[in-house]
Amino acid sequence: MAEKYIRTRSVPIGGIFCKMNPMEQRISAKIILADGTTFTGWSFGAPQSTDGEVVFATGMTGYPEAFTDPSFRGQILVMTYPLVGNYGVSDGPFESDRVQIQGLIVQEYSAEYSHQEAVYSLSQWLTREGVPAVYGVDTRALTKKLREHGVMLGQIVIGSDTPKEAHALEDPNIRNLVDEVSIVEPVLIGSGRKKIIAVDCGMKENIIRCLQKRGVTIKRVPWNYNYLHEEWDGLFLSNGPGDPMMLQETIGYLREAMKGKKPIFGICLGSQLMGLAAGAQTYKLKYGHRSQNQPCREVGTQRCYLTTQNHGFAVDEKTIPKDWKLWFVNANDGTTEGIRHTKKPFFSVQFHPESTPGPEDTEFLFDYFIDKVNRI
Amino acid sequence: MNKMKKPKKVLILGSGGLRIGQAGEFDYSGSQAIKALKEEGIYTVLVNPNIATVQTNSDMADRVYFLPLTKEFVEQVIVKEKPDALFLSFGGQTALNVGLELEDAGVLKKHGVRVLGTSTDTIRTTEDRQLFAEALKSIDVDVAESYAVKTLDAGLRAAKKIGFPLMIRSAYSLGGKGSGKISSEEELAQRLNEAFTSVPQVLLEEYLGGWKEIEYEVVRDQFDNCVTVCNMENFDPMGIHTGESIVVAPSQTLNNHEYHLLRSIAQKTVRHLGVIGECNIQYALNPKTSEYRVIEINARLSRSSALASKATGYPLAWVAAKLALGYALFEVQNMVTQTTQACFEPALDYVAVKMPRWDLTKFKAANRRIGSEMKSVGEVMAIGRTFREAIQKAVRMLHIGAEGVVCNDFDIADPLDEIVHPTDRRLFAIPVVMHAGVTVKELHNMTGIDPWFLHQLKEIVDVQNMMKYAKRLDTELMRTAKAYGFSDRQIAKLRKTDEAKIRAARKKFGILPVVKQIDTLAGEFPARTNYLYMTYNGSEHDVERDDHSLLVLGSGPYRIGSSVEFDWCCVQAVQSAHAKGYRTIMLNCNPETVSTDFDICDRLYFEELTLERVLDIEEFEHPEGVVVSMGGQIPNNLALPLHELGVPIVGTSPKDIDRAEDRRKFSKLLDRIGVEQPKWRELTTVTAARKFASTVGYPVLIRPSYVLSGAAMNIAYSPEALDQYLQQAADVSQKHPVVISKFIENAREIEVDGVAQNGELVIYAFTEHVENAGVHSGDATSVMPPQKSYLETIRRIKKITRAVVAELHITGPFNIQFLAKKNQLRVIELNLRASRSFPFVSKAAKYNFIDLATRTMLGDDIRGEYNTVDLDYVVVKAPQFSYSRIKGADPVLYVEMSSTGEVACFGEQYHEAFLKSLLAAELVLPKKNIFLSIGRDENKAKLARSVEKLHKMGYRLYGTENTVKFLRKEYGVPITQLHKISEKKSPTILDYIEKRKIDFMIIIPRTLNRQTVSDGYHIRRAAIDHNIPLISNVQLAQTFVDALYTLQVYKQPLQIKAWDEYKKNGE
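In the order they appear, the protein sequences are chains A and B.
Here my numbering is used: position 66 in the first sequence is 67, and no number is missing along the way.
Here my numbering is used: position 121 in the second sequence is 124, and no number is missing along the way.
Bound-form chain A, shown alone:
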């Protein structure tokens, strides 16, 4: 039997002039969560219905960078900051060559943007990229719902489109999302003396830029590429979308690489993969960390750093094997933010030292990695 959708008293609120052309008819849009909760707003961006995992992010700036982050693959993103699109969208470069989010939900967006570098309005950009968006929604109410319930599947229904049945909503986590965002063929970048294998599981472009700046050669390889029989000086595992357990192939090569002594550095999904390869376990967080203000303490020191994060899974601290140790811990909720080997130069962080968007406080970790690479 089909599930009934509960209609809340929610009505669309907000800008009536949010279209570039005020004569254009506003199209209504609904957000329907898997539990039936419905929010009503107005459509902007591409006017096509979609579904995915609904998550929220609390960053206040850097929306083009966030929307192009491959880790958001398959997710409908709710922005808690109510005004989005104020400075339009520039030509980039951003974090990948496309908008990765499945859909966008905001309180209010600015059709009338203002910035020297802007070439599109947010709506124009999303339309061009085929990504639907909704404004006029109480995003705080929606966020609280997700916080209390945990992330949920949901859909954006444009105008008079027929909503999907709840059971028919596509769970992106059962797909191999990484395969969708990883590169297909290896690419060689830079011409440094040392060579880094960078496993692209949906790698943010700024990671490449951060490595490149430090004068190394980068061989960017697909997620399932076997690098074990090649010469390299350092191994890097990138961020990416979805459940790390989907990437058994990547974990297999990594486990082999860990038998050696060459430096290995992982970020975000890469950190979870290193945990799994080392023998730890991962689990899904209730509603994940998607923000630019996550404090992370470096264990055993008095230091605490502000970090950007975008993840729904984490390494379970209790399962960290004994030749590994906790490196960083989240100062808010105590979750694992980084692990490292007690003897070998293997280390990883759950947060994003490459930032974009967000604070640049931990970019020094790239120096740390390259320094280790240069020592061998």
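Worth flagging that the hints you see were computed from the coordinates, not collected in a lab.
In this text the structure is predicted, and so the values were computed from the model without any measurement.
You may find that some hints are simply not true.
[Unchecked claim] Cross-link-like lysine-lysine pairs, in silico, DSBU-like; alpha carbons within 35 Å at most:
1) LYS326/A to LYS140/B
2) LYS801/B to LYS214/A
3) LYS930/B to LYS74/B
4) LYS38/B to LYS291/B
5) LYS214/A to LYS291/B
6) LYS972/B to LYS955/B
7) LYS344/A to LYS271/B
8) LYS153/B to LYS988/B
9) LYS373/A to LYS271/B
10) LYS214/A to LYS140/B
11) LYS271/B to LYS326/A
12) LYS271/B to LYS196/A
13) LYS263/A to LYS271/B
14) LYS373/A to LYS344/A
15) LYS510/B to LYS145/A
16) LYS145/A to LYS461/B
17) LYS38/B to LYS145/A
18) LYS511/B to LYS145/A
19) LYS271/B to LYS220/A
20) LYS658/B to LYS504/B
21) LYS9/B to LYS153/B
22) LYS345/A to LYS74/B
23) LYS271/B to LYS214/A
24) LYS271/B to LYS195/A
[Said to hold, decoys possible] Simulated restraints, written as ranges between beta carbons of each label pair:
25) GLN117/A to ASN370/B: 33 to 39 Å
26) GLY374/B to GLU171/A: 54 to 60 Å
27) GLN117/A to GLN336/B: 38 to 44 Å
28) LEU419/B to SER192/A: 57 to 63 Å
29) LYS271/B to ASN227/A: 39 to 45 Å
30) ILE184/A to GLU622/B: 55 to 61 Å
31) GLY440/B to GLU171/A: 37 to 43 Å
32) ASP145/B to GLU257/A: 48 to 54 Å
33) PRO322/A to LYS113/B: 57 to 63 Å
34) MET246/A to GLN336/B: 47 to 53 Å
35) ASP550/B to GLU171/A: 44 to 50 Å
36) GLN117/A to LYS931/B: 45 to 51 Å
37) MET246/A to GLU622/B: 51 to 57 Å
38) LYS583/B to MET246/A: 38 to 44 Å
Just so it is clear, CB atoms sit at the ideal spot from N, CA and C, and this is done for glycine as well.
Chain B: place on chain A using the hints.
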């Protein structure tokens, strides 16, 4: 926490009287610091003469000294108290300066007092432009280039380095003269030549006009952990002081690169400088190139940090105090969420808009233009889910008669002029020209305001038009208008109906605001926050109503006449209600206050103090009562309308409040109970006004109900003057009557502040003004207990007070002002609410009047014995002025209030308390040369004895022609004549002032008028601009000279005694 020994006793320096540029925010920061120390069990000693602050309450610091914040006084406190540490960063520039002086003089080293938090070396670096620029350049951080030059050649050389255009600024600028944009070498040469004729030095600076102005608030601990708590963007670009700007948090038009570029530089800079605690950094950002310049760094709590704290919910002052004690950031709890810690950066899910409150029309002859100097006296902060909603709310919060960004009745003759040359009304001029078809692009070119902000305003204007021309006000239009921040009154105006009808229609449509929490984490974690706002851009409440609650209406923006005193009353009322078991709800919109702190009430609505919003909150919360008598005139004015709508008001009935507020009703009431008042009449024609004035005899006091410009009240000594003032009053008509009353000269003024219970007088305090009537009570120097009034006068005042209290069935606080002349008493004003002087009388008499008032309003029986007259000490309250900030304003005591704050000091006897109090209000004692100019022979005679005393004490005296003649001839006092400016003979007084040959001035105007063309005005103004102490009132001058004589001849010392060391009789 480690590596630092926890101090045992900490001395905290406050900021003294409120003045422009240094206001109530330091009560907030100082109070937080004291609480943070007390939580650690550290003994706290506070020096602050601002008696109306919460931080000087008896339950705050362990010891309070109401003493001037000068090196000499603080040094003596150190000698006496032997603290082992000092907090400098919580009392604004005043505390910082005193701290640095103490260090320079070796006092801190000698007595083993260490400065906690940011080191004095760091502070010095940030205070000195040269050191600051060098420090930043050494870490490749860009600062605006600036050169101080003393010659034409040096100027031209500097210009080569800076390039054109550049800014020229006079180092000692008068009235902003000599500053401006220079585009070529020829122009520069000409301007320099001009400038050097009057000033020795000018500053040449890089021109940053049109750049965005951005601020960051940074916190750092001793372990080098560093977070930027908030960033803020000024609506007004560079060129307008941030204190004069509309400021938005977080920034709206910065992309990720710009936001984090500035954030990273802020952290790099703060780390390099070694700040521990809180720091504010200001940038100019070129919108075309993303280039930046660091403009300024404040290595202390500031006005901006108070704003940032309230805008984000992050308790900056509390955290800064903990970090100064040696804690790491992550060891300090986030007091708002109570689940996370302080090492994070708040994520906002709303927009906060700050607007300055100016009172420029209160200062006669003051210029309305705003610019690089701060003139605003207060501010408000509005919170919304869109910028449009927030800015419309902010405008209403100012209580300047504006309904929002649009729908105002201001008559702006040349709106484009006020846009291009900004005035305090620029925001209201923008919609006016938008209606006339001026585009966003054109406005951006004229003002440099980012087009994003202008588009937002344009959308408000568009909705205004829709509302105006729509055939029907349907649900969708109503919802849109509310989401755009329109008030019911604005909508009513556009639909030509009244507020109540719109409210009813709106409720029928089911359009109600929702209550949202400010939780610092954008909903990411559940938070136990009490911090709330209302919005129409939402569909769900974050909270449910509270049972057994009491709503206290706050005082709104600080402005002339309503300041920290009322916030003190509100905080006390909340605390007393809380002690009685109520869930307390505070409503206020002023980010500088303690009442809006996270730990004061059970619920804080950071909201508008308008009828509409109070009703919204009342309907949501259903409080058991609403307190309107603590926040001054704004809530007082809401009493009757709220009462008529059935809202339960506690204390004196709003009907009786109205009988006191309505001039006619009150006058009749006084007649009936046989109490005298100066004769008055409300008149609607000029002829009637003249006729009445000649009947009662001149001088008369004129109060127009509608004023175009200039001060509202005036005293006319002649029919000609009356005509002139009535002309100024724009239009005297049926609609705008003028109130004329007999002005009684040479009368003394006595005030009674009291609390009554069911029409029975319970506790009262008398304060006597030093100045005769004619000086606004807020500008008067007052003394408690009275020094000159006869027992009989006091007895009769008490009797009249009892009669008034009974007649109006007062329950709660009230204030009555009396004129006393030749045994005749007249009532001139009654307020059925707490008055400005309640904190003063409470602390002077050592009974908390507001606690008593709140308790009786909530039903307690507070009757008992209270001794407020028989004190073994004297307390004097003195006004604090900010004339130096308001260029052109006439610094003379007058019927219109112009002081921005007040201080009070205790003494064993009158003269000691008086002198301390004046010193605390920043008066500097004369060293050698005193200048006298005394208008009217009557005043000359009154002051002759005092002048003789000055001569006896060895002062060298100078005077104007008539003053000199009179004093020489009649009293034989040796006095040198100086010429008035208009005499065109030298040496003029101005020469002496400019050459600093005069170090004190007594200038008594002929009449209690402000004549800005007079010589007296020019001399008084020159005194202010050259920082020379000035007394302009006869009684004040007499008392001052007597007090000086007591100090210098009788060698009565100014004692260093804490508040608790002044005992009442028999204790």
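Evaluated hints:
1. LYS326/A to LYS140/B: violated, 41 Å
2. LYS801/B to LYS214/A: violated, 83 Å
3. LYS930/B to LYS74/B: holds, 17 Å
4. LYS38/B to LYS291/B: violated, 46 Å
5. LYS214/A to LYS291/B: The given pair, whose Cα atoms are some 26 Å apart, holds under the 35 Å limit.
6. LYS972/B to LYS955/B: holds, 17 Å
7. LYS344/A to LYS271/B: holds, 33 Å
8. LYS153/B to LYS988/B: holds, 29 Å
9. LYS373/A to LYS271/B: Distance ~25 Å between LYS373/A and LYS271/B Cα, so the pair holds.
10. LYS214/A to LYS140/B: At roughly 24 Å apart (the allowed maximum being 35 Å), LYS140/B and LYS214/A satisfy the hint.
11. LYS271/B to LYS326/A: With Cα atoms ~30 Å apart, LYS271/B and LYS326/A stay inside 35 Å; holds.
12. LYS271/B to LYS196/A: holds, 31 Å
13. LYS263/A to LYS271/B: holds, 33 Å
14. LYS373/A to LYS344/A: holds, 13 Å
15. LYS510/B to LYS145/A: Between LYS510/B and LYS145/A the Cα gap is close to 26 Å, so the pair holds against 35 Å.
16. LYS145/A to LYS461/B: Measuring from Cα to Cα gives roughly 33 Å; hence the hint holds.
17. LYS38/B to LYS145/A: Since the Cα atoms of LYS38/B and LYS145/A sit roughly 33 Å apart, the hinted pair holds (cutoff 35 Å).
18. LYS511/B to LYS145/A: holds, 28 Å
19. LYS271/B to LYS220/A: holds, 33 Å
20. LYS658/B to LYS504/B: Given pair LYS658/B, LYS504/B holds - Cα atoms ~24 Å apart, limit 35 Å.
21. LYS9/B to LYS153/B: Violated. LYS9/B to LYS153/B sits at ~49 Å, over the 35 Å cutoff.
22. LYS345/A to LYS74/B: violated, 60 Å
23. LYS271/B to LYS214/A: holds, 20 Å
24. LYS271/B to LYS195/A: Holds, because 30 Å separates the two Cα atoms, which is no more than 35 Å.
25. GLN117/A to ASN370/B: 33 to 39 Å: For GLN117/A and ASN370/B the Cβ distance comes to about 34 Å; the hint holds.
26. GLY374/B to GLU171/A: 54 to 60 Å: For GLY374/B and GLU171/A the Cβ distance comes to about 59 Å; the hint holds.
27. GLN117/A to GLN336/B: 38 to 44 Å: holds, 42 Å
28. LEU419/B to SER192/A: 57 to 63 Å: With a Cβ separation near 59 Å, LEU419/B and SER192/A satisfy 57 to 63 Å, so the hint holds.
29. LYS271/B to ASN227/A: 39 to 45 Å: holds, 43 Å
30. ILE184/A to GLU622/B: 55 to 61 Å: Between ILE184/A and GLU622/B, where Cβ atoms are some 59 Å apart, the hint holds.
31. GLY440/B to GLU171/A: 37 to 43 Å: At roughly 51 Å between Cβ atoms, GLU171/A and GLY440/B fall outside 37 to 43 Å, so the hint is violated.
32. ASP145/B to GLU257/A: 48 to 54 Å: holds, 50 Å
33. PRO322/A to LYS113/B: 57 to 63 Å: Because 60 Å falls inside the window, the suggested range holds.
34. MET246/A to GLN336/B: 47 to 53 Å: 36 Å Cβ-Cβ, so the 47 to 53 Å window is violated.
35. ASP550/B to GLU171/A: 44 to 50 Å: The hint (44 to 50 Å, Cβ to Cβ) holds, given that ASP550/B and GLU171/A are roughly 46 Å apart.
36. GLN117/A to LYS931/B: 45 to 51 Å: violated, 60 Å
37. MET246/A to GLU622/B: 51 to 57 Å: holds, 53 Å
38. LYS583/B to MET246/A: 38 to 44 Å: Taking Cβ atoms as reference, LYS583/B and MET246/A lie about 59 Å apart, which means the hint is violated.
Hints 1, 2, 4, 21, 22, 31, 34, 36 and 38 from the earlier list are contradicted by this structure; the remaining hints agree with it.
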